[in-house]
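Enquirer: Protein chains in written order, with my numbering: chain B, 1 to 343; chain V, 1 to 265; chain A, 1 to 279.
Since the hints were made in silico from the structure, they are not lab data.
Where is the CB? At the ideal position from N, CA and C, for every residue including glycine.
From the structure, some residues in chain A lie toward chain V, with a derived Cβ separation under 10 angstroms:
(1) Val-121
(2) Leu-124
(3) Thr-248
Simulated coverage check for chain V against chain A, where a stretch passes if three residues somewhere in it have a Cβ under 8 angstroms from a Cβ of chain A:
(4) 82 to 90
(5) 152 to 158
(6) 164 to 178
(7) 185 to 199
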Amino acid sequence: MTLEARVVVSRPAFRLDLALRAGPGEVVALLGPNGAGKTTALRALAGLTAMTGGQITLDGQPLHALPPEERPVGMVFQDYLLFPHLSALDNVAFGPRCQGVPKAEARRAAAALLHRVGLADHAAARPRQLSGGQAQRVALARALAVRPRLLLLDEPLAALDAHTRLEIRSHLRRHLEDFDGATVLVTHDPLDAMVLADRLIVIENGGIVQEGSPSEVARRPRTDYVARLVGLNLYRAVAEGARVKVGELLFSTSDRLEGAAFVAFPPAAVALYRSRPDGSPRNLWQARIEGIERHGDNVRVHLDGPITAFADITPAALADLDLTPGQQIWASVKATETHAYPA
Amino acid sequence: MFSRLSRWTLALPVALALALSGCGSGAPAASTSAGSAAAGEGAKEVTVFAAASLTGTFTELGKAFEAAHPGTAVKLNFGSSATLAQQIVQGAPADVFASASPATMKTVADASLASSPTTFVRNKLRIAVPADNPAGVDELKDLADPAVKVALCAEQVPCGAAARKALDAARLKVTPVTLEQDVKATLTKVELGEVDAALVYATDVIAAAGKVKGVAFPEADQAINDYPIATLAEAPAGPLAQRFVDLVLSQQGRDVLAKAGFEAP
Amino acid sequence: MAASDRVEPVSPRLARSDRASGRLPWMLVLPALAGLAFLVLPLAGLLIRAPWPTLVRRLAEPQVLEALRLSLVCATVATAVCLLLGVPLAWLLARVDFPARRVVRALVTVPLVLPPVVGGVALLLVLGRRGLVGQWLEASFGVSLPFTTAGVIVAEAFVAMPFLVVSVEGALRAADQRFEEAAATLGASRWTAFRRVTLPLIMPGVVAGAVLCWARALGEFGATITFAGNFPGTTRTMPLAVYLALETEPEAAIVLSLVLLAVSVVILASLRDRWVSAA
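Make the full structure from the sequences, and use the hints.
Expert: Shown next as C-alpha cells:
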C-alpha cells in the first residue's frame, strides 16, 4: 500500500506542486504555515479538489481519474463533519452502507470500531451530544470503517483544547500505528507532526522546502519557518572546516564542512553580557535588545545587530543583568552547541 | 426545537394570508381615489361603475362627455355587475351605475342608493364558436351533443342566468365543461379554442370579430338582458352624474351602443 | 455557534438569549404588533360578518363539502408534484454551476410575479387543446388537461412551485456543502449523498417550503379558473366557490372562506405538532 503522487493545482495567484510518497504503515505529515497549500494537497488526494496536473497512484493503481467516492481513501476533516442527523453508530456505519454492506452487518462493524476507539457507550449519541475529543474519535472510526488503503487527516487535533489534545494525540498515535495503509496528515503544529509522523514534509508557498524524519527536521531546519517551529536560531553561512562565516561574524562549530551551509543554535545556548567578555572573539557579537518577553519558565530576549537572534535566559539572569530594550549588550554562543550542516 | 417551532409560527400566518387571497383575487379593486372629489357644484369628476360588457362603448362615451364638458373628467370602473353592486353597497364613492342585469341594480336600489333606474340597452345571447367552428355548431340544440365542449357563464352572473333561461326555453339539457365567472372569461375559452361553443352576448361576439363567429338563434329572444342605468343617491358629482346618464340615453349614446351590437330597449 | 466547536449545518438558529430579562425594544415590538394586527384584522372582519345562525345549514350543503374535498385533494397532490419536481430543481440551482443560472433562477420566480389569470392563459397556450404541448397530448394520448381535476392540479402546481423552490434553494445554500464531501469520501455517490445526507439536513427548509406551497395551492384562484375552468365536483375548488358566491350571496362566501381557513389552520397546526414531536 504505497502512495506515490505528484499533486499540481494551479490557481490564478497560487500554485501547488509537490511530490510525495508514503509507504505501507508510514505516516507522513504535511507541515506548513496557513495558506501553504497543505489542505489543498490533502483534498486533491481525496479527489475533492481537481488537480491541474500530476498523478496519484496507490500500489501502482492510478487514482487521480476516479471520483472521490471510488477512491479507497478515508478522510478525517478538521471539524470532523459528523452527520448531525445520524447517531455516532450510524455515522460510522455510513461508509460500509454506501459500499453495499447490509445494514445489520454494517452496524455490527461500526459498533466494533466504536468499541475500539473507546466509545461503545456513545453509539446512540448524536454528534451534538459528543465532546470534541469524542467527536474526533468517531470521525476516525468513520474514516477507518471504509477500510481505506490511504488515510487522510486534516488538522486532526486543531479543534481540541490543550488538555484533550494531549490525550487524543496519544490515542490517535496508537491507532495510526495499528493502521497498515499509508497515512497523510496535515498540521501546522510541529508537536503533532513530531509525535504522529514517521516523516515530515514541510510546505511553504505551494512547494516542498524540507523533507525528512522528525528528528532530522528538528535538528537541521532549512527555512526560517521550520527553525521557528523547532525553536532554533538559523542562519545561512559559508563553512571553512570548523569555522563558518555568517555575514561578517565568525563561528566555531563542532562540525567540519566546506561551502554553503546552515548554522543553527538554540536560544538557550546564547549567553548575554553587559560588557565585552574576555577570551576568544569567535562566537561573540555586539547586539541591541529589541524586546523582552516571557517564554515558558524563561525569558526570551530578541536581539538585533549583525544577526538577529533569540536568547533564552532565566528570570534571575535578567534581573542580574538589568536588561532593558534598546540597550547595547554582548552575546556569545558555545561552539559545542553551534551546529552547522550543508545547505 | 426552538427554531423549528419558530419556523412554523412564521409559516402559519403566511399560509392564512395566502388562503385568504384566493377569496378576493379576480375582482378589480374599487377605485378609491374617486372619493377625493368634493361634493357639490365644484365637482369636476364623474365616477361611473359599469358592467364589463360596456367597456368599449362607455370608454368612448366618457371621452365624448369630457369633450362636451371641458374641465371634467370621467373615471370609469368596469367589472362584473354583481361585484360593482357589492362595492357600491359597501360604500364605494360612485356617481353612476350601469349594470348588465336588473337583479344587480335591484341590490343597489334595495339599499336605497340608486334613484329611478332606466333600461338603456338590451343585449341578446349568441352562440360563439371558434372562427373555424370545429364542431360545426349552427343551432342551439347542437350544444346538447355530448361531443361538443361548451362553456357557459356561471348562473350567479347575468350571462349565465340568461343562458339558463334560453336553454330552459328550448327544453335542452346541456352539460358544460365549465361555468365561467364572467362573459369575457367564457369568450376567452372560445377564442383559445378550448371549447367548441359558448353562450355569450351579441356585443361580445362583435367585439371579438375575427377570432370568434357568432351564431344567432331564435331562443335568444326568451332571454333578453336589460341593462339598467341610474345615478346614485350619494353621488359626489351631484348634477354632473345626471348629465352623464342623459348622454347615454341621447341619440349620440344610442348610436355608439348600437354600433357595438346593443339593441334599443 | 461560538460556544461549540462543531458547525451547525442547518440554517442559522435564533440565538437563545441568556440575558435575564431585558426590556423589549419598542422599535421592534410596535411595528411587530401593527403588522400582526394588519394580518389578523381582516380575519376578524370575516368572523364578525359571518352569518352564525345559518352557518350549520350552509355548511351541510353538499356543494360545500365537495368543493372542500376537491380543494384539499388538489392542493395536496399539487404539493406532492412540486416536491417531486421542485426539490431537484432547487438542487440544480443551488449546486450545479451552469451558464445562465441567474437567468434560470429569475425565471423560476416568474409565477410569483405573473398575475395568476395570466398564468392560466399561458398554461392554456401550452397545455390547452390547441396549445403547443396540449395538441400533441390530445392527439397521442387523448389527454386533455383543461376542465379536468388534473388541470386544477397543474394550475396550482404552476403557481405554488416557486414557493417551494425558493425555500429549498435557500436551505441548500445555507447547508454546509462539506457534508456532501464527507459523504463522498465515505463512498457515497452524489445521489446517495443527496438522499442520505443533504436531504435530512435541509428537511426543515423542505417542510417550510411545502407548507407555503400547499397553502398557496389551497388558495389558488386565478390560474385555476382560467386554465381548469369552474365546474362543480371536478374543478370548482373552494376559492372558486367563494368567488361565485360573492356574486349573489356574500354571506355564503364568508362561510366558505371560514371553512377554508378553519380547515387549513387545523391541518397546519396538527402537522406542526406531529413534526415537532417527531423531531
